[in-house]
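Colleague: Throw the hints in and build the complete structure from the sequences for me.
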Amino acid sequence: MTRTSFVKKRILALVLMIVTAFTIIPTTQVRAAEDYNGGAAITEEEVTVYDGVYGTKIGTIYRHEGLTVLNYVSGNWVYVEYSTPNGAKRGYVDYSGGKLGFYASTCVAKVNVTSNVYYGTDLSTHLKTGAVYAGEYIAVLAKNGDWVYVEYNTPDGRKRGYMYYSNLTCYNRPAVFPDLYTYNDDGTSFYVDGYYTVFSGPGENYAKIGSVNSENVIAYQNIFDGSLEGTYIEYYVTGTTQKKSGFILYSY
Numbered sequence: 245m246t247r248t249s250f251v252k253k254r255i256l257a258l259v260l261m262i263v264t265a266f267t268i269i270p271t272t273q274v275r276a277a278e279d280y281n282g283g284a285a286i287t288e289e290e291v292t293v294y295d296g297v298y299g300t301k302i303g304t305i306y307r308h309e310g311l312t313v314l315n316y317v318s319g320n321w322v323y324v325e326y327s328t329p330n331g332a333k334r335g336y337v338d339y340s341g342g343k344l345g346f347y348a349s350t351c352v353a354k355v356n357v358t359s360n361v362y363y364g365t366d367l368s369t370h371l372k373t374g375a376v377y378a379g380e381y382i383a384v385l386a387k388n389g390d391w392v393y394v395e396y397n398t399p400d401g402r403k404r405g406y407m408y409y410s411n412l413t414c415y416n417r418p419a420v421f422p423d424l425y426t427y428n429d430d431g432t433s434f435y436v437d438g439y440y441t442v443f444s445g446p447g448e449n450y451a452k453i454g455s456v457n458s459e460n461v462i463a464y465q466n467i468f469d470g471s472l473e474g475t476y477i478e479y480y481v482t483g484t485t486q487k488k489s490g491f492i493l494y495s496y
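All the letters of the sequence shown, read from the start, carry residue numbers 245 to 496 under this note's numbering.
It is possible that some hints are incorrect.
[Stated by the list, open to error] Here are the in silico distance ranges between beta carbons for each label pair:
1) N360 with T441: 19 to 27 Å
2) G299 with Y435: 47 to 55 Å
3) L493 with N330: 23 to 31 Å
4) S340 with T485: 44 to 52 Å
5) S410 with D279: 33 to 41 Å
[What the hints assert, rightly or not] Derived DSS-like pairs: lysine-lysine, alpha-carbon spacing no greater than 30 Å straight-line:
6) K452 with K333
7) K487 with K452
8) K354 with K333
9) K343 with K452
Bear in mind the hints are in silico, worked out from the structure with no lab data behind them. A virtual CB, placed ideally from N, CA and C, is assigned to each residue, including glycine.
Modeller: Below is the structure:
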C-alpha cells in the first residue's frame, strides 16, 4: 500500500467517526411556549366534557358552574379546565346553542408563587378564602393596581377571590380588564329578609362559603359580561369584625 493510499484511508475513517458521533448525540425536543387564548366562562346549562373534538365523554360540568376556557379550538369547540372532587380536569366542550356564557376581557393565568386568596383587598378586615399553588392555572376576571379578582378550582367547586397580580403570568392579557367589584363603588346597604346560602360565584354549583340570615349586607353592582345568576355581597361573619364576600341568589 502506498503512503498516499494509507493517508486517504485514515482521513476517510476519521470522517466516518465524526459523522457517527454526531448522529448518536441525542437531540432535545424544544417545547412550544404556552399560549392560552381563553378566559373565564360559566355554563348556561349542563354540558358534556369530551376527550377530544367529537370524542368520548369523560365528564360533566353542571348548570351555573364556572370553568376556565384555555383555548378556542375550532368551530364551537373549546378546550377547558374545570373543578371535580378529585382535582382540576381538562377536556373539550361543544358550546353551540348558547351552552356557555363567556366573560369579556378576562384571561388565563399561571400561578408563579403559591399565594393566599382573600375575600377582599383590605387584609385587616377581609378573611382568607383559600390559596392557589405554584404551577396552577386560574382565570383573571378583573384588576385594579396590583390586585386581581380571580376564579380557581378546588375539590369543593369553583371559588373566587382577590390576590396579587404580581404573582401571576397572564396569557393574552386584555388591553383593559374590568375593575374590581369594590373599586370606586361603596355598594348599597340592604336587609336580607330570611336565610340564604352564600356561594363563591354567581351560581348554585360554585363552592358554598357561608350564609346570611335576616341581616344587613352590602351589595355591589354586577359588572362582568356573561351570565350572572346572583347578587355580589359583602357581609360580616357573625360575632366578628371580619368580612366575607360572595353571591346570594337574591334580587334586591
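Colleague: Hint by hint, say whether it matches the structure.
Modeller: Right, here's what the structure says about each hint:
| no. | hint | in the structure |
| --- | --- | --- |
| 1 | N360 with T441: 19 to 27 Å | holds, 24 Å |
| 2 | G299 with Y435: 47 to 55 Å | holds, 50 Å |
| 3 | L493 with N330: 23 to 31 Å | holds, 27 Å |
| 4 | S340 with T485: 44 to 52 Å | holds, 49 Å |
| 5 | S410 with D279: 33 to 41 Å | violated, 21 Å |
| 6 | K452 with K333 | holds, 20 Å |
| 7 | K487 with K452 | holds, 15 Å |
| 8 | K354 with K333 | holds, 16 Å |
| 9 | K343 with K452 | holds, 23 Å |
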